[in-house]
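For this one, chain F is given, so just place chain S on it according to the hints.
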Amino acid sequence: MINKLIQLLFIILFFIIAGCTDPNNKKLPILGRKSIQERTVNGTVKIDTIYHRIDDFKFTNQDSMEVTNNTFENKIYVADFFFTTCPTICPIMKTQMLRVYEKFKNNDGILFLSHTIDPEYDTVALLHDFAERLGVSSKKWHFVTGQKEYIYEIGQNSYMVTAMEDENEPGGYLHSGAFILVDPDRHIRGLYDGTKEDQVDRLISDIPKLLSEYGL
Amino acid sequence: MGYRSIIFYVFIPIIYLASCGNKSGDEGSYASKIKYRQYFNNGRQLYLNNCSNCHQKDGSGLARLYPPIAGSDYFRSDPARAICIVRNGLSGEIFVNGISFNQPMPGNTDLSNLEIAELMTYLYGNWSEEDRIFSPDQVSELLRNCPFD
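Residue numbers (the numbering used here), protein chains in the order written: chain F, 803 to 1018; chain S, 6 to 154.
Keep in mind that the hints are not guaranteed to be accurate.
[Said to hold, decoys possible] 25 Å max Cα-Cα, derived BS3-like pairs, lysine-lysine: (1) F/Lys907 / F/Lys942; (2) F/Lys860 / F/Lys907; (3) S/Lys62 / F/Lys905; (4) F/Lys1011 / F/Lys828; (5) F/Lys998 / S/Lys62; (6) F/Lys998 / F/Lys907.
[Claimed, not checked] Where chain S lies over chain F, by a calculated footprint (3+ residues, C-beta under 8 Å): (7) 883-889; (8) 895-909.
No lab work stands behind these hints: they were computed from the structure. Every residue gets a Cβ at the ideal spot worked out from N, C-alpha and C, and that includes glycine.
Same shape as in the complex, but just chain F:
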């Protein structure tokens, strides 16, 4: 009797543990504010959940090529905000992003997008030099520039990160060190602190999950 009870207990325990520890079954969440929209189809009311999406954008990359949402069609991408002369967190971010890049550079399903928040200084030529010295391919990793207000706005409203001028900060800008993981439907699926090695490790382990969700 007691033996059977113990057996049963072990079986239950096994299922609990097996159920909890399979991370591949767990989809990455869709981040950002959700809204509920009602619409009437053939007289019945349907309720849709509208998820936060990245706005339309159009920037210029280090090769003077136009970069838009279409550039990332059927791809996932990792975005961040930086400037080339930033003395504080950007070098760490670039060190960490390079780690992610090196891991996935041969995977066609993923791209990288770095926005400069100092477009007056970071010209196309300068971004080109920066990317080349970092040793990364412009097909894989876009360094983009554009109108300053426009970059700040898309950072704030689409990617949910802070980017603004602040003369009290070393280098003159206040900005977040976030890496933002975006899916092909323009949803944000992960936010990571690009200055922390363990969070970037998490990004590296989340990317394959998102790739396989979209069959990439």
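The following block gives chain S in isolation, referenced to the frame of chain F:
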């Protein structure tokens, strides 16, 4: 082994060693070793706080963007120049171990001469062939001769 030989082989050397510890010259070198360790350790902390973002914790630099300090000919060959760069920063192209780098480096104007001395002691002790201690006086002397001060 006889009783006498124990005295000879064990106690005599102990007395000999103990007596040389009292010589004043060795006390001086002990003190300077302590001072060196102190400079080195403070220098490491300063390096981690002010330099390692770009030059990396191990001094290896990042690609062709931020030059290495470890094993760098540019650094090792001219400590006076290195001290000026630590304080005043640098812009324009430089060649380190034959490789071009062209990323502006901001100066560290809030580091004191003592802190720069500690930092330089760490950099030299860690990443060049020779251990040497830099003094604050030496640093202030060298800073006076910086080209772009």
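Taking the hints in turn, this is what the structure says about them:
1. Between the alpha carbons of F/Lys907 and F/Lys942 the distance comes to roughly 7 Å, so the proposed pair stays at or under 25 Å and holds.
2. As the CA atoms of F/Lys860 and F/Lys907 are separated by approximately 24 Å, the hinted pair is consistent with the 25 Å bound.
3. Note on S/Lys62 and F/Lys905: the hinted pairing holds, with a Cα-Cα distance of about 21 Å set against a maximum of 25 Å.
4. Between F/Lys1011 and F/Lys828 the alpha-carbon distance is near 9 Å, which keeps this suggested pair within the 25 Å criterion.
5. For the hint pairing F/Lys998 with S/Lys62, the CA-to-CA distance comes to about 14 Å; that is within 25 Å, so the pair holds.
6. With a C-alpha separation of about 21 Å, the suggested pairing of F/Lys998 with F/Lys907 holds against the 25 Å cut-off.
7. For the segment 883-889 of chain F, the stated coverage by chain S is satisfied: 3 residues place a CB nearer than 8 Å to a CB of that chain, which reaches the threshold of 3.
8. Chain S is given as covering the segment 895-909 of chain F, and this holds because 3 residues of the stretch bring a CB closer than 8 Å to a CB of that chain, at least three being needed.
Consistency with the previously given hints is maintained throughout, with no hint failing.
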